[in-house]
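There are 2 protein chains.
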Amino acid sequence: MFSKSHTKYIQSLQQRKFRDEYGVFLAEGPKLVEELLRSPNLNCKQIFSLPFWLNANEQLVAAKNTIEVFEVQDFELEKISALATPNQVLAVFEKKKENQVDVTGKITLALDSIQDPGNLGTIIRIADWFGVENIICSRGCADMYNPKVIQSTMGSIARVNIVYTDLALWLKDKREVKTYAAALDGRNVKTLEGIKEGIILIGNESKGISDALLQMVNEKITIPKIGEAESLNAAVATGIILSHLFT
Amino acid sequence: MFSKSHTKYIQSLQQRKFRDEYGVFLAEGPKLVEELLRSPNLNCKQIFSLPFWLNANEQLVAAKNTIEVFEVQDFELEKISALATPNQVLAVFEKKKENQVDVTGKITLALDSIQDPGNLGTIIRIADWFGVENIICSRGCADMYNPKVIQSTMGSIARVNIVYTDLALWLKDKREVKTYAAALDGRNVKTLEGIKEGIILIGNESKGISDALLQMVNEKITIPKIGEAESLNAAVATGIILSHLFT
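Sequence lines, in order, name chains B and S. Going by our numbering, the first sequence runs without a break in its numbering and finishes at 230. Going by our numbering, the second sequence runs without a break in its numbering and finishes at 230.
Derived from the structure by calculation, the hints contain no laboratory data. Careful: at least some of the hints might be erroneous.
Taking lysine-lysine and the DSS-like style, the derived pairs with C-alpha atoms no more than 27 Å apart in a straight line are [unchecked claim]:
no.: 1; chain 1: S; residue 1: Lys203; chain 2: B; residue 2: Lys208
no.: 2; chain 1: B; residue 1: Lys89; chain 2: B; residue 2: Lys0
no.: 3; chain 1: B; residue 1: Lys173; chain 2: S; residue 2: Lys80
no.: 4; chain 1: S; residue 1: Lys89; chain 2: B; residue 2: Lys14
no.: 5; chain 1: S; residue 1: Lys80; chain 2: B; residue 2: Lys208
no.: 6; chain 1: S; residue 1: Lys89; chain 2: B; residue 2: Lys173
no.: 7; chain 1: B; residue 1: Lys89; chain 2: S; residue 2: Lys157
no.: 8; chain 1: S; residue 1: Lys203; chain 2: B; residue 2: Lys203
no.: 9; chain 1: S; residue 1: Lys89; chain 2: S; residue 2: Lys28
no.: 10; chain 1: S; residue 1: Lys203; chain 2: S; residue 2: Lys157
Isolated chain B (complex conformation) (with noise of 0.2 Å):
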């Protein structure tokens, strides 16, 4: 039965320290939830749902049977949600495991100091919209599993191998590939089509690219400015690079 600790198990899962400590996260909503139980690479440890959305998904919940699954009304969907329109369903699910990247034959993501979790979230849908396998993260990135991250990346955080590390390190042991950057005064994005092999480092919303790590860039890439804007969105300048590497 739905309980207080219950309540406070989940209300705790919005902040990192316990996300990290269980190894679980939060999700919400049908779509998204319904999407990741039906991903081969996420365990779903409970659900809290509506009995309306349960009778519906029956046979996707029944699918996995290590699932925990809890009837609630709506005033206890309201004490655990956070979102502004809670929404049928609730979800924890254990966080993936890190796969080995491997950067030969394939362009890889590489984020300095994305904290923004919706420019994050974002990030990681773009980068499954075109096939991108794996996105390496700077330790100053927001965290993956944070809730807005989830949200936003409407499912395809169950697709896209994600890993937190030094990126600086990781760049010096990567040498055998290009490493491409979002710059000002770089090579026209429209140049890179056949380009199938190479890292893209994506800098800070504010900040750019660190010094350490412009220093390993072999080449600098830049989105033509025709009018005035300072700077394009984080997550608006990844979106064009893939999108000139991969039509």
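Please arrange chain S on chain B, whose structure you already have, making use of the hints.
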């Protein structure tokens, strides 16, 4: 002197109703406020600032002689600020005049019910980056003067002309120019290079482009999907399309 009635007035401007009634909008933080003060397109009505910022920007403020200036203390700025961390200065600007839009010989953006203020702000910033002069918003779009839109435009609000109208009627009237829409089964985005004139129609975040508008589209544009993500964020799609038109 700063008074309770100022607090009430500023707080009311978080709501569209009062922004419409008074014809003004809010901007916060030194970077944004300074950029908007420098714009010849905007009139500032009031500034509420810590002494520190006022001292550093005496000339900038003096140059706009219609401004009422209020020196406030930290705890007062906290009361009127909508930011998680209040940042030195808050200003009230008059709304801009909507300019007539001429669509010939240029690229124009049209937005169908972009409801997320962050997305709308990011799209305005992208338009400014690529030198797109005009954005036509359907009445279902978020208010361009919503504080979240203003903050995420990063100053581009001053430079891009934005018009709210009945988009179907407006497009009907612009038949002399081709309308392109981001959709799933269209022409590859990479074939757009060289197009110098047209209206680019971007749809709602979850529903896409409404049927009524889709009928007025001359050509669909597709960003090829290689991976599995269900969709791309509307602002990211806008950035990708404009980058292929302009680079």
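Evaluated hints:
1. S:Lys203 x B:Lys208: Holds, because 25 Å separates the two Cα atoms, which is no more than 27 Å.
2. B:Lys89 x B:Lys0: Measuring from Cα to Cα gives roughly 34 Å; hence the hint is violated.
3. B:Lys173 x S:Lys80: Violated - the C-alpha atoms of S:Lys80 and B:Lys173 are around 36 Å apart, more than 27 Å.
4. S:Lys89 x B:Lys14: violated (39 Å)
5. S:Lys80 x B:Lys208: OK: S:Lys80 and B:Lys208 at ~26 Å, within 27 Å.
6. S:Lys89 x B:Lys173: holds (20 Å)
7. B:Lys89 x S:Lys157: violated (44 Å)
8. S:Lys203 x B:Lys203: violated (32 Å)
9. S:Lys89 x S:Lys28: This hinted pair is violated, its Cα atoms lying about 34 Å apart.
10. S:Lys203 x S:Lys157: holds (17 Å)
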